[in-house]
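According to this note's numbering, the first sequence holds residues 9 to 431 in order.
There is no bait here: all hints are sound.
Think about it this way: if two alpha-carbon atoms lie no more than 30 Å apart in a straight line, the pair counts; the simulated DSS-like pairs of lysine-lysine are:
| hint | residue 1 | residue 2 |
| --- | --- | --- |
| 1 | K379 | K52 |
| 2 | K53 | K91 |
| 3 | K146 | K355 |
| 4 | K125 | K136 |
| 5 | K157 | K355 |
| 6 | K164 | K355 |
| 7 | K322 | K416 |
| 8 | K27 | K224 |
| 9 | K52 | K375 |
| 10 | K107 | K224 |
These are computed hints drawn from the structure, not numbers from a lab.
Please read all numbers here as calculations on a predicted model, not as lab measurements.
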Amino acid sequence: MLLVPFIRENRAQVEAGLKVKNFKDIAILEEIIIADDQRREIQKKLDDTLSESNKIAKEIGGLFKSGKVEEANKKKALTADLKELSKTLSEDLNSIQIKLTELLLRVPNVAHNSVPKGNSEEDNEIVKTVGEIPQMDKNALPHWELAEKYDIIDFKLGNKITGAGFPVYKGKGARLQRALINFFLDNATAAGFREVQPPLMVNEDSGYGTGQLPDKEGQMYYVGEDNLYLIPTAEVPITNIYRNTIVKSEDFPIRNTAYSQCFRREAGSYGKDVRGLNRLHQFDKVEIVVIEHPDKSYARLEEMNEYVQSLLVKLELPYRVLRLCGGDLSFTSALTFDMEVYSAAQKRWLEVSSVSNFESYQANRLKLRFKDENGKTQLAHTLNGSALALPRIVAALLENNQCEQGIKIPKALVAYTGFEYIN
RNA sequence: GGAGAAUUGGCAGAGUGGUCGAAUGCGGCGGUCUUGAAAACCGUUGAGGGUCAUACCUCCGGGGGUUCGAAUCCCUCAUUCUCCGCCA
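Use the sequences and the hints to build the structure in full.
This is how it looks when you write it as structure tokens:
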């Protein structure tokens with residue numbers, strides 16, 4: 009959520025950034041400012057009213073103390089009108105505040121000035137492509153067939169136990185999962201991230217804090233009995249560690265990483281996108297989250313970008329880096345880089361990571377602040393990225409590394425799997 | 001799940017209807033002293049709204065209520081602790 013003073017002071021920049029994002033309802037900015045003006049006006053009246061009745065209450069207190077009961081009782085009558093007025097005013101204040109928040113929630117984050125214009129993923133800028141695209145022979149199998157051939161991932165069994173999108177990993181398939189998780193966590197730790205193990209369910213406040221609620225409510229599994237949500241990503245619990253806190257600026261950058269299973273309803277997805285491991289309801293991911301000083305957040309984004317790429321290099325996967333265009337950028341992000349690996353048998357690029365700078369958009373909802381050099385509290389910047397999401401990495405590993413002997417495990421992973429081939 | 005107790009500023013801990021945004025201690029910051037440091041002493045030290053700056057308003061776990069007036073009373077929810085039950 010944007011800050012109203014920010015909108016007031018940087019109107020041109022905000023409008024330009026929203027236009028890049030193809031946000032149509034620019035007029036809402038004016039509504040916000042009007043609502044905020046009203047809010048201030050009502051607030052002022054309320055404050056004055058309360059000030060007045062506080063004064064009288066104190067006087068009454070004094071009169072009682074000095075035994076002037078009658079005079080005190082007389083004064084009581086004076087407060088009746090003020091009470092009535094302050095009640096009306098605080099109701100008004102409440103409703104204008106709700107309206108203001110509701111307006112603000114409809115405004116996405118402002119795109120960074122490096123974000124290219126565009127409407128869809130077609131318009132994303134390919135920053136770079138690394139590695140050779142493997143040329144497979146005609147018999148190359150897609151990963152869902154390889155999974156069955158080597159009996160390592162069982163989609164049918166998952167259907168039986170739970171439903172579509174909940175595969176069962178078996179034998180070396182399960183071991184490969186565990187190997188990747190450890191590999192990613194070890195690398196993150198070496199890169200300076202603190203490992204945390206968060207809850208897999210979060211409450212409503214946390215959902216609002218990172219912005220899953222209210223707009224993406226339908227995408228999360230909801231446990232109504234206890235009013236909890238299954239996390240769609242570890243970003244939610246990790247970032248919410250810092251909800252409602254004022255961090256020390258000398259602690260910047262605050263780097264956390266977590267492995268978690270992620271749960272997504274993925275309502276509305278279909279076709280080749282959901283085939284095999286391409287899109288699941290439950291999957292594994294290692295996430296990195298950074299909290300940083302506003303002046304340094306873009307340097308940190310670059311660092312995270314490099315870090316994620318280093319993982320792909322170690323896994324010997326061909327990949328490309330995209331700078332998302334305005335139309336493809338998420339609601340809350342100011343700048344996002346996507347990493348995609350090439351999946352040789354499907355002959356397509358699969359998104360395995362997305363690193364974003366949310367600037368203060370999330371921090372505002374989270375009330376995540378720090379004290380600056382002048383001792384003033386201001387909003388911190390939050391960033392996060394996948395490092396990495398497992399299923400599509402597994403898909404690419406299986407497809408790209410299929411050979412006579414089976415599936416070849418990349419060197420860097422062998423220490424974790426304990427085997428060189430799946431066969 | 002049942003019964004009881006508790007929830008106050010960074011931490012500890014007073015405060016049970018009136019001048020309490022809140023004693024005191026510790027910690028933090030600034031200063032005096034010192035060659036330097038420690039100790040001692042003095043000062044300062046929560047957040048949000050509002051203002052050019054004051055004034056002023058709100059916040060004592062969350063929400064609601066009683067009252068002229070609530071950290072203090074009532075209701076409700078959450079959390080923590082103790083006992084019982086169940087249990088990896």
